[in-house]
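There are 2 protein chains.
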Amino acid sequence: MVPHLTTALSGPLLDLERQILAATPRIEYWFRSRWHEHAAPFYTSVDLRNSGFKLAPVDTNLFPGGFNNLNPDFIPLAVQAAMVAVEKICPDAQKLLLVPENHTRNVFYLQNVARLASILRQTGLEVRIGSLIPDLDAPLRLDLGGGESLLLEPMVRNGRRVGLADYDPCAILLNNDLSGGVPELLRDIEQSLLPPLEAGWHVRRKSKHFAAYDRVAAEFSQLIDIDPWLINPYFASCSGIDFQARQGESCLEQQVADLLSRIRLKYQQYGIESPPFVIIKADAGTYGMGIMTVKDPAEVRDLNRKQRNKMAVVKEGLQVSDVIIQEGVYTFESINEAVAEPVVYMMDHFVIGGFYRVHTGRGVDENLNAPGMHFVPLAFETPCCTPNQFANPDSTPNRFYTYGVVARLAMLAASLELEDMRKGS
Amino acid sequence: MVPHLTTALSGPLLDLERQILAATPRIEYWFRSRWHEHAAPFYTSVDLRNSGFKLAPVDTNLFPGGFNNLNPDFIPLAVQAAMVAVEKICPDAQKLLLVPENHTRNVFYLQNVARLASILRQTGLEVRIGSLIPDLDAPLRLDLGGGESLLLEPMVRNGRRVGLADYDPCAILLNNDLSGGVPELLRDIEQSLLPPLEAGWHVRRKSKHFAAYDRVAAEFSQLIDIDPWLINPYFASCSGIDFQARQGESCLEQQVADLLSRIRLKYQQYGIESPPFVIIKADAGTYGMGIMTVKDPAEVRDLNRKQRNKMAVVKEGLQVSDVIIQEGVYTFESINEAVAEPVVYMMDHFVIGGFYRVHTGRGVDENLNAPGMHFVPLAFETPCCTPNQFANPDSTPNRFYTYGVVARLAMLAASLELEDMRKGS
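As they're listed, the protein sequences go chains A and B.
Per the numbering used here, residue 1 is the first one in the first sequence, and the count goes up by one each step.
Per the numbering used here, residue 1 is the first one in the second sequence, and the count goes up by one each step.
Note that these hints are calculated values from the structure, not bench results.
Mixed in with the good hints, there may be bad ones.
[Stated by the list, open to error] Think about it this way: if two alpha-carbon atoms lie no more than 30 Å apart in a straight line, the pair counts; the simulated DSBU-like pairs of lysine-lysine are:
#, chain 1, residue 1, chain 2, residue 2
1, A, K423, B, K95
2, B, K88, A, K95
3, A, K88, B, K88
4, B, K295, B, K310
5, B, K310, A, K88
Assemble the whole structure, with the sequences as input and the hints as a guide.
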């Protein structure tokens with residue numbers, strides 16, 4: 001069951017889907033040549049927003065959780081894609097150590113880890129779970145419900161190798177986004193570490209990602225002759241912010257005003273009557289903390305104490321000093337009156353599926369990945385790799401194909417972003 | 001619904017499945033290293049026989065038909081695998097020409113061609129169908145039923161390129177096994193031709209394939225410490241046969257006697273009480289023509305005219321002069337009293353699914369791929385890449401995983417066989 005779009009699709013989005021579908025051979029050829037030059041991340045998830053006139057990525061996660069929300073029918077796709085990833089990145093690997101986040105009480109997250117471990121085991125790897133929980137000195141078995149459990153084991157450093165007491169893996173796969181920095185245990189190890197350390201939120205910046213996405217979206221838009229704005233949200237950034245000390249508010253106010261006026265021009269061009277808005281979020285970090293929706297520059301001038309506190313700190317207590325101001329994209333997808341946001345999952349350069357975050361208590365202009373958010377995952381009913389040239393552009397397989405194309409653009413941007421970081425630019 | 005094995009599995013096969021399952025990491029690691037050194041064929045299907053004590057490939061097809069018999073749910077797996085194949089073999093391809101057999105009246109075969117074209121289109125290739133039908137001078141639209149049709153177009157040669165009048169493809173994919181030899185049109189062309197010409201039955205020999213399989217099965221059996229006979233049928237070959245002139249019968253008789261006595265020893269070793277048998281078939285060619293089941297060497301001495309005629313000629317009227325004598329493997333899989341034979345499909349080095357040939361009118365010791373054979377295809381209900389370490393070795397996903405492993409061994413043998421042919425050995 002695909003969330004029903006509340007807007008009739010007769011405007012730009014239907015055109016976009018039509019153009020993408022018609023250009024499939026050119027698009028896939030282009031992607032092949034891009035992946036020839038750039039290495040895809042091991043795995044990626046991309047949050048998309050579909051406003052009925054615009055389809056754009058709003059966040060790209062290089063340590064995706066949520067594998068438990070994927071349609072179980074498509075797990076073989078994930079296994080096959082993981083086989084390709086394993087072949088490329090660590091052809092000699094037989095033993096892998098999966099290192100998750102330290103949330104031992106989030107059963108949904110633990111189910112994600114279990115699902116991921118299961119996919120990797122089905123590629124023929126031996127997989128055990130190594131934990132970064134401080135002071136964990138014995139294996140910890142966590143109950144996942146339904147008779148399943150997950151065994152976290154203390155990690156051990158041995159010279160330049162890391163592993164478990166009786167387990168020396170060839171590769172380490174992080175499902176921990178390193179928001180709190182790189183643990184000593186993982187520094188300067190000789191084994192393959194996936195994704196590389198520079199993908200962690202201790203150094204990664206959303207503004208760098210979206211700068212790379214600008215380049216990708218421009219090239220792609222030229223390829224299929226569309227306005228890049230249709231797939232690319234405007235953004236700006238401010239650094240040196242101190243929300244609690246009210247430093248940097250003028251940069252914020254100015255960038256918000258500038259973005260809103262640029263969006264307003266585009267809305268006029270396309271005859272869109274909704275009010276433009278922007279999202280302000282921490283430039284580093286994830287988990288939807290430190291996020292606000294703004295429709296008027298004045299709003300950032302008058303932040304009250306509660307708002308300032310909310311914006312000042314993200315995951316692991318990190319202080320926010322750099323923010324990204326991103327064009328807000330309305331979510332016009334809904335199911336049973338609840339708003340829905342698609343999340344697309346990839347392993348290596350393959351789209352393996354996705355799901356909708358369906359949230360009843362949130363508006364069409366709000367972030368749906370927020371702390372304490374209780375979304376209902378709704379797995380995509382078809383995978384994203386089966387476009388049907390003979391069906392309507394907005395038919396289910398074709399809509400998901402379009403989602404897969406835009407998500408792959410964001411993944412390509414992440415590849416460029418990581419390359420730039422390795423070059424130290 | 002998996003065909004129900006009529007024998008209780010407590011003997012060697014259950015052991016084999018258990019050993020394969022336990023060795024999954026070693027097996028997948030070994031396959032990764034093999035595919036690092038050897039290129040997988042573009043696509044392959046392998047006929048397996050499961051006797052309850054032995055699981056072995058009996059035929060390896062490099063121009064597989066029957067894609068229409070696969071479970072539609074797994075088509076995304078085929079699309080993803082085809083993407084890998086296309087990336088590797090013709091990364092620059094946007095336009096592909098698919099060249100099928102000339103059977104315009106076999107609707108099942110045409111549905112296979114349509115399904116294959118659809119899979120390839122979903123990888124983002126432009127695909128048209130070029131026909132080798134002599135004297136075809138205009139496009140021919142063939143009805144597939146259900147409102148579907150297939151457009152065959154006359155092929156055109158232009159210097160060293162081949163294509164359609166208004167279509168210059170980058171690559172040609174043969175779904176025509178070249179039993180009748182290589183058409184002038186396809187000789188010495190500059191485009192990529194897949195599979196290579198040496199995969200055609202005009203030069204390929206089953207005995208070369210099974211000689212390569214001997215090497216693969218020996219290495220694999222050492223890897224997981226099993227008796228290679230459990231996955232490898234004995235075989236021998238005779239050349240210079242003329243069935244109609246009764247030439248070469250003594251070679252046949254001697255090889256049959258020799259094989260039967262070797263099989264008998266193995267049957268004694270494993271306590272198997274069924275009578276051994278061998279299959280005699282043309283060393284070149286497919287489609288199950290020119291095949292007979294023999295349980296006594298005397299049978300090949302006393303061939304009557306009808307049997308001699310049947311053995312003398314295969315597809316496209318080719319005279320049979322070389323035969324392979326292969327250990328017969330009982331089929332002990334059945335469903336509703338009908339015997340069943342699994343066929344496993346692969347694209348690049350990935351198993352993408354399979355189906356059972358279910359045949360009510362044939363015995364457990366007969367070839368199920370025979371002319372005029374009306375089998376009922378029964379798609380595998382799970383793909384072959386999701387072994388479950390926590391389930392029984394003979395549970396559905398694990399049985400199919402085992403099938404996928406043995407089929408991949410046969411595919412690897414085909415890779416070695418093609419390499420040998422290129423080297424001219």
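Original post:
Given the proposed pairing of A/K88 with B/K88, does the C-alpha separation stay at or below 30 Å?
Top reply: holds, 13 Å
Original post:
B/K310 and A/K88: Cα distance at most 30 Å?
Top reply: Given that 30 Å is the threshold and the Cα spacing comes to 50 Å, the pair is violated.
Subject >> Straight-line alpha-carbon gap A/K423 to B/K95, limit 30 Å >> reply: violated, 37 Å
**OP:** Could you grab the alpha-carbon distance between B/K295 and B/K310 and see if it respects the 30 Å cut-off?
**Re:** holds, 18 Å
Original post:
Between B/K88 and A/K95, does the CA-CA distance stay at or below 30 Å?
Top reply: holds, 27 Å
Figure legend: structure checked against the earlier numbered hints; hints not met, in rising order: 1 and 5.
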